[in-house]
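Chemist: One-letter residues, chain by chain:
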Amino acid sequence: MMRSTLQQRLLPLLVPGLILATWLAATSGDDFTAQVLVPPVAVLDSFNELLASGELTDHLRASLSRLLLGFGIGSGLGLGFGILLARSALVNDFAGPFFQAVRQVPSIAFLPMLILLLGVDEGFKLAIVAKAAFFPVALATHDAVKGISKGWLEVAAIYRLSPLRVLFRLILPATVPPVLTGLRLGLTRAWIVLVAAELMAAENGIGQMMEMGRQMFRIDTVMVGVALTGLIGFALDQGVRLAERRLVRWKAV
Amino acid sequence: MINRRFLLKAGVAGLAAVTAPAIVTRAQALPKSIRIAGGVNFAQGQLQLTGYAAVIEHQGWLAAELDKRGVALEPFAVSHKATGPQINEGFANRSLEFASYGDLPTIICNANGVQTRLLVPNGMGGSGDTFLVVPVGSAAKDVADLKGKRIAVHRGRPWEIPFFRLLAARGLSPSDFTILNIDPMTGAAAVSAGKIDGLFTMTDAYLLEEKGVARILWSSKGQGPEWKMRTEMFGRKDFIESQPELTQLVTTAYIKAAHWASDPANKDKYLEFQGRTGTPRSVLNRTYDEQGDAWRQRWAPLFAHDIAQRYQDTVQYALDNKLIRQRIDAASLLAPSFAGNALKSLGLEGYWRGEA
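Chains A and B supply the protein sequences, listed in that same order. Take the first sequence: its letter number 136 is residue 136 in the numbering used here, and every next letter is one higher. Take the second sequence: its letter number 331 is residue 331 in the numbering used here, and every next letter is one higher.
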């Protein structure tokens with residue numbers, strides 16, 4: 001028992017540790033100039049500097065509030081649309097094939113069009129984040145609702161439960177696990193797309209910090225952005241996983 | 001290349017104590033090739049040479065001279081979306097020896113420890129006019145009317161300098177505007193769609209105006225050189241020092257090209273080169289509207305006295321605006337001896353007006 005938790009804790013650190021050691025070793029000799037491969041210490045220094053000046057906090061605040069708002073809009077619409085698509089034959093006939101086709105286009109491909117339509121302000125960033133979140137959530141919701149056992153619905157029909165009771169007592173609890181998976185996927189997709197959009201056009205945000213870093217040949221700043229993007233994406237994913245474990249405790253019992 | 005070295009390095013990480021620098025002997029032997037950026041772009045899916053690169057290819061002299069020494073001439077293509085960063089990255093990882101590009105990006109490069117030297121100044125600054133354009137429906141008559149509005153300028157590019165100079169001249173500062181850092185293509189799309197209130201850019205402004213999607217509010221045309229952007233030919237310092245003979249050849253080729261292009265008889269051919277990336281002739285005619293003597297002077301590759309001052313100003317600007325953290329000695333960026341030799345050997349001393 002003891003050993004397995006130790007394993008669980010330590011093994012995930014092995015690969016990052018090895019990469020860090022290699023990175024340290026590679027930058028300690030003369031093979032790489034600091035401009036080609038920034039030493040880890042320089043990245044840490046740059047992180048502290050950006051933090052102390054308040055610049056990093058501003059960028060993070062801008063990015064995370066965009067993410068929250070865009071994801072809220074996209075996932076909310078996705079939930080609603082997913083249920084409709086699964087429960088209504090009419091909606092499915094109307095929007096099903098189109099939904100499946102648009103879903104195949106990478107969100108980034110919409111960037112130039114969205115900039116023309118919505119400009120380079122917040123609008124296009126929120127739209128693209130919402131789009132990125134919408135599809136995985138809608139798809140997962142649709143599949144989850146479709147996947148509800150027919151037997152359960154029949155029993156509900158026999159008991160003449162009202163549609164609202166069916167929604168709250170049957171559909172919602174039965175669909176929580178797959179929908180949460182969809183939300184998790186949507187959230188991390190939304191994050192990736194947001195950073196990409198900020199690289200292209202933004203006043204601030206973690207993506208813009210990296211873009212400006214490249215333009216100013218500050219690879220240390222770029223690396224701070226890369227590391228933070230990864231860590232934040234990881235934290236978001238783990239956060240939803242934690243919520244997943246809490247909300248579906250009933251399943252394990 | 002990096003990957004292989006990286007793996008190699010990883011393999012010996014355990015024996016880190018005995019790692020000896022792999023590259024100690026910087027051989028004086030000639031390299032297999034030299035790579036030059038600037039005027040090398042992909043257009044319509046093909047590599048297209050414009051500017052000096054096109055003239056040098058047309059003359060064929062440099063390729064022939066290098067060939068005699070067993071050295072190949074390789075054009076180094078960069079994207080218009082990130083010219084400065086790609087060239088700086090090329091200098092940093094030594095995949096590039098020479099490049100025609102902007103004063104601000106090269107100062108950024110030097111301030112971050114990768115040293116370059118100016119070998120051939122660019123007369124009037126090549127296609128160096130700068131422009132402020134606004135959407136067609138805009139009521140603005142002056143940059144001051146855009147106060148509080150959104151202006152796009154790609155940061156770290158050479159036209160950033162005249163833009164901020166223009167603001168300062170009107171008693172304005174960047175904080176009076178929402179400055180958006182967007183590449184020129186995205187900026188052009190955004191101003192066409194009226195989604196931003198202004199775009200500061202280079203001669204692509206003429207194209208936007210001809211298409212009827214934007215209006216030129218201000219331009220450096222007919223104004224002093226301080227309003228234009230500087231793009232000129234730089235070399236990587238360590239390469240210049242280890243290969244002075246090749247550096248001289250490349251410098252001489254550039255000045256030969258400037259001489260050819262400055263002949264009004266060749267202007268038509270030159271504009272043909274410039275049209276390769278799809279720029280309409282009407283736009284080129286407006287960009288290069290100098291005639292006779294003015295056309296010849298446009299190509300003057302001379303280290304005139306104002307160059308040192310200009311570089312000092314640009315370094316100061318970059319420091320003041322926190323684009324760089326370390327002050328660099330602007331005068332040390334200038335390496336006029338190669339151009340001086342070339343003018344002498346080509347018998348072109350006195351061909352252009354101004355001090356050499």
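Hints listed in this document are in silico derivations from the structure and should not be mistaken for laboratory results. Errors might be hidden in some of the hints.
Here are the simulated EDC-like pairs of lysine to aspartate or glutamate, each with C-alpha atoms no more than 16 angstroms apart in a straight line [what the hints assert, rightly or not]:
| id | chain 1 | residue 1 | chain 2 | residue 2 |
| --- | --- | --- | --- | --- |
| 1 | B | Lys322 | A | Glu122 |
| 2 | B | Lys149 | A | Glu122 |
| 3 | B | Lys149 | A | Glu203 |
| 4 | B | Lys267 | B | Asp289 |
| 5 | B | Lys149 | A | Asp121 |
Chemist: Does each hint hold? Answer for all of them.
Modeler: For each hint, the structure was consulted:
{"no.": "1", "hint": "B/Lys322 <-> A/Glu122", "verdict": "violated, 26 angstroms"}
{"no.": "2", "hint": "B/Lys149 <-> A/Glu122", "verdict": "holds, 15 angstroms"}
{"no.": "3", "hint": "B/Lys149 <-> A/Glu203", "verdict": "holds, 13 angstroms"}
{"no.": "4", "hint": "B/Lys267 <-> B/Asp289", "verdict": "holds, 10 angstroms"}
{"no.": "5", "hint": "B/Lys149 <-> A/Asp121", "verdict": "holds, 12 angstroms"}
Figure legend: structure checked against the earlier numbered hints; the only hint not met is number 1.
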